[in-house]
Amino acid sequence: MRFFLEVLISGLLSGVMYSLVALGFVLIYKASGVFNFAQGAMVYLAALSVVGVMEKGAPLWLAVIVAFIVMTLFGIATEKFVLRKLVNQPPIALFMATIGLAFFIEGLAPMVFGSDPRALDIGIVDEPIEAILNRWGMVISKFDLAAAAIAAVLVTSLALFFQYTRIGRALRAVADDHQAALSIGIPLQHIWAIVWGVAGFVALVAGMLWGARNGVQFALTFTALKALPVLIIGGFTSVPGAIVGGLIIGASEKLAEIYLPPLMQSAFGGNFGGIEGWFPYVLALGFLLVRPEGLFGEKHIDRV
Amino acid sequence: MTVATVSTEAAPAAERYLTINNIEVIYDHVILVLKGVSLNVPKGKIVALLGANGAGKTTTLKAISNLLRAERGDVTKGSVEFKGNRVDQLSPNELVRRGVIQVMEGRHCFAHLTLEENLLTGAYTRSISRSGLKDALEKVYHYFPRLKTRRGTQAGYTSGGEQQMCAIGRALMAKPEMILLDEPSMGLAPQIVEEIFGIVKDLNQKENVSFLLAEQNTLMALRYADFGYILENGRVVMEGDAENLRTNEDVKEFYLGLSSSGRKSFKDVKHYRRRKRWLS
Chain A
1 MRFFLEVLIS GLLSGVMYSL VALGFVLIYK ASGVFNFAQG AMVYLAALSV VGVMEKGAPL
61 WLAVIVAFIV MTLFGIATEK FVLRKLVNQP PIALFMATIG LAFFIEGLAP MVFGSDPRAL
121 DIGIVDEPIE AILNRWGMVI SKFDLAAAAI AAVLVTSLAL FFQYTRIGRA LRAVADDHQA
181 ALSIGIPLQH IWAIVWGVAG FVALVAGMLW GARNGVQFAL TFTALKALPV LIIGGFTSVP
241 GAIVGGLIIG ASEKLAEIYL PPLMQSAFGG NFGGIEGWFP YVLALGFLLV RPEGLFGEKH
301 IDRV
Chain B
305 MTVATVSTEA APAAERYLTI NNIEVIYDHV ILVLKGVSLN VPKGKIVALL GANGAGKTTT
365 LKAISNLLRA ERGDVTKGSV EFKGNRVDQL SPNELVRRGV IQVMEGRHCF AHLTLEENLL
425 TGAYTRSISR SGLKDALEKV YHYFPRLKTR RGTQAGYTSG GEQQMCAIGR ALMAKPEMIL
485 LDEPSMGLAP QIVEEIFGIV KDLNQKENVS FLLAEQNTLM ALRYADFGYI LENGRVVMEG
545 DAENLRTNED VKEFYLGLSS SGRKSFKDVK HYRRRKRWLS
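Residue numbers (this note's numbering), protein chains in the order written: chain A, 1 to 304; chain B, 305 to 584.
Hints in this document: simulated from the structure, not taken from any laboratory. We put the CB at the ideal spot given by N, CA and C, even for glycine. Take these hints with a grain of salt, some might be off.
Unchecked claim - Restricting the straight-line Cα-Cα distance to at most 27 Å, the calculated cross-link-like pairs of lysine-lysine (DSSO-like) are:
(1) K479/B - K438/B
(2) K299/A - K387/B
(3) K438/B - K85/A
(4) K387/B - K452/B
(5) K510/B - K443/B
(6) K443/B - K347/B
Unchecked claim - The following residues of chain B were derived to be distant from chain A, with all beta-carbon distances above 12 Å:
(7) V334
(8) R450
(9) R527
Given only the sequences and the hints, what does the whole structure look like? Please build it.
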């Protein structure tokens, strides 16, 4: 039982890391109805600019501020040079534009900051919390717990922002109908610059946590792939959905990794490993069959 | 170009409010939609813009509200003036701040927002306090009590009439002086259309909001409007007081389906010849 709990908790905590990446997707999807293929590249860019600036001798806090400025400028530039030209175009055109954007970042970021993998030290160590280890004999990483706390704060504030503020409402309005939003005087340019800026900030947080855990390297762009099943389960349009989806993916993949192989071995014979790698996608497929809009996603409303 | 005028006094310069001077609109650099449209909306009046499908009513409204650019349309000639200032180069945001707002054809409510949230987005351009916002909401609910009873419902799940009310209410939240109302009767039951036009008239008289109203439902529009323009193929072919237009023989025959000489055989009706005079 203790072992089960340990697996479950560490799974939930690692799921939060997926949620962080998924959150960036949700923000942009909510405000522009676009699946932002470049989110993984943005995570990479953010992490790279933090280590890049730190290599020049700057302290962490300064590097984070610089990275934040980089991400904000990037958001504004994206709006100005890519999105503005595509107002009122079908979502697929915007989606294709984000694919181009992803390649652009993946080329540009290593050119500016260097492409070799580097470690990122953000001052939180990845070691078990002793109190819990002594009392219950479970290994819970300090790093995971801190990451979860950061994610919780981020998500709560974003959810409140979307639901109750003037800008948040405008963001949701723009997502529903660009043209109507334009007609009542909501400036799409500002809104999109804001949302890409916020998505850049989320990418920065995700990039730092992922970078601190796995090193800052090109593979960070693939975190986006793990966010995909999270989005499908949680729903593309829901901030809390991104969190719940992340928790489900994190917990289920760890549990599957531990408990499925013996079962499968007794059923089919042979050795099974690496279930963690594909289990989330199978789960997401199942969800697509049963509940395509995800747990918390907005249902498509059609007049009949 | 000859314009059949039914008793128009030229508006004195002081009364000029919204004026459109000879605008030409081209979509995609090739499709000429408006071929020189001029019209005039005096302060505090309801002006109807009438005409068949594809005559250019919606394009005229969008040329005023500057929503054309998002659809690859361009005003290539002429000018739009509001209260003596040219507004044709302003962004829709700036125009809304100055008091001109469009309610688009087909309502375009934000489907996933509740009715109340829809209304609140309308106040985006105004920097007002929380209590000011509440007062503005109450005012809209006063005119559209139906919205109040359903304010917590997502707009996508409300009826067409409620959505039209929501769209007009949302525009009202911006505290406009002038509403460009595009085809409010579209797809609605006659009873609801009557209700909505009644509210429009009410808003016009009590809140002193001017309306430029594009409508296909000619009879209904002329009953509520003060003045009317008839568009055909991107040109104004007739203009005049609503009362006079309603009794005009040509309007009766072409737009209201009425004729003074009783039923006629189809072969005797030479629509095209009389229309041709307008189009040359």
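With a cut-off of 27 Å on the C-alpha distance, tell me whether K443/B and K347/B pass.
Judged against 27 Å, a Cα distance of about 22 Å means the pair holds.
Is K510/B close enough to K443/B, meaning Cα to Cα at most 27 Å?
Holds. K510/B to K443/B sits at ~12 Å (cutoff 27 Å).
Evaluate the condition: distance from the CB of R527/B to the nearest CB of chain A exceeds 12 Å.
holds (27 Å)
Hey, K479/B versus K438/B, does the alpha-carbon distance stay inside 27 Å?
holds (13 Å)
Non-interface claim for V334/B: all C-beta distances to chain A beyond 12 Å?
Fine: 18 Å to the nearest Cβ keeps V334/B off the interface.
Is the straight-line distance between the alpha-carbon of K438/B and that of K85/A 27 Å or less?
violated (37 Å)
For the pair supplied as a hint, K387/B and K452/B, confirm whether the alpha-carbon distance does not exceed 27 Å.
Violated, at about 34 Å.
Find the nearest Cβ of chain A to the Cβ of R450/B and say whether that gap is larger than 12 Å.
holds (18 Å)
Is K299/A close enough to K387/B, meaning Cα to Cα at most 27 Å?
violated (44 Å)
In summary, the numbered hints that this structure violates are 2, 3, 4.
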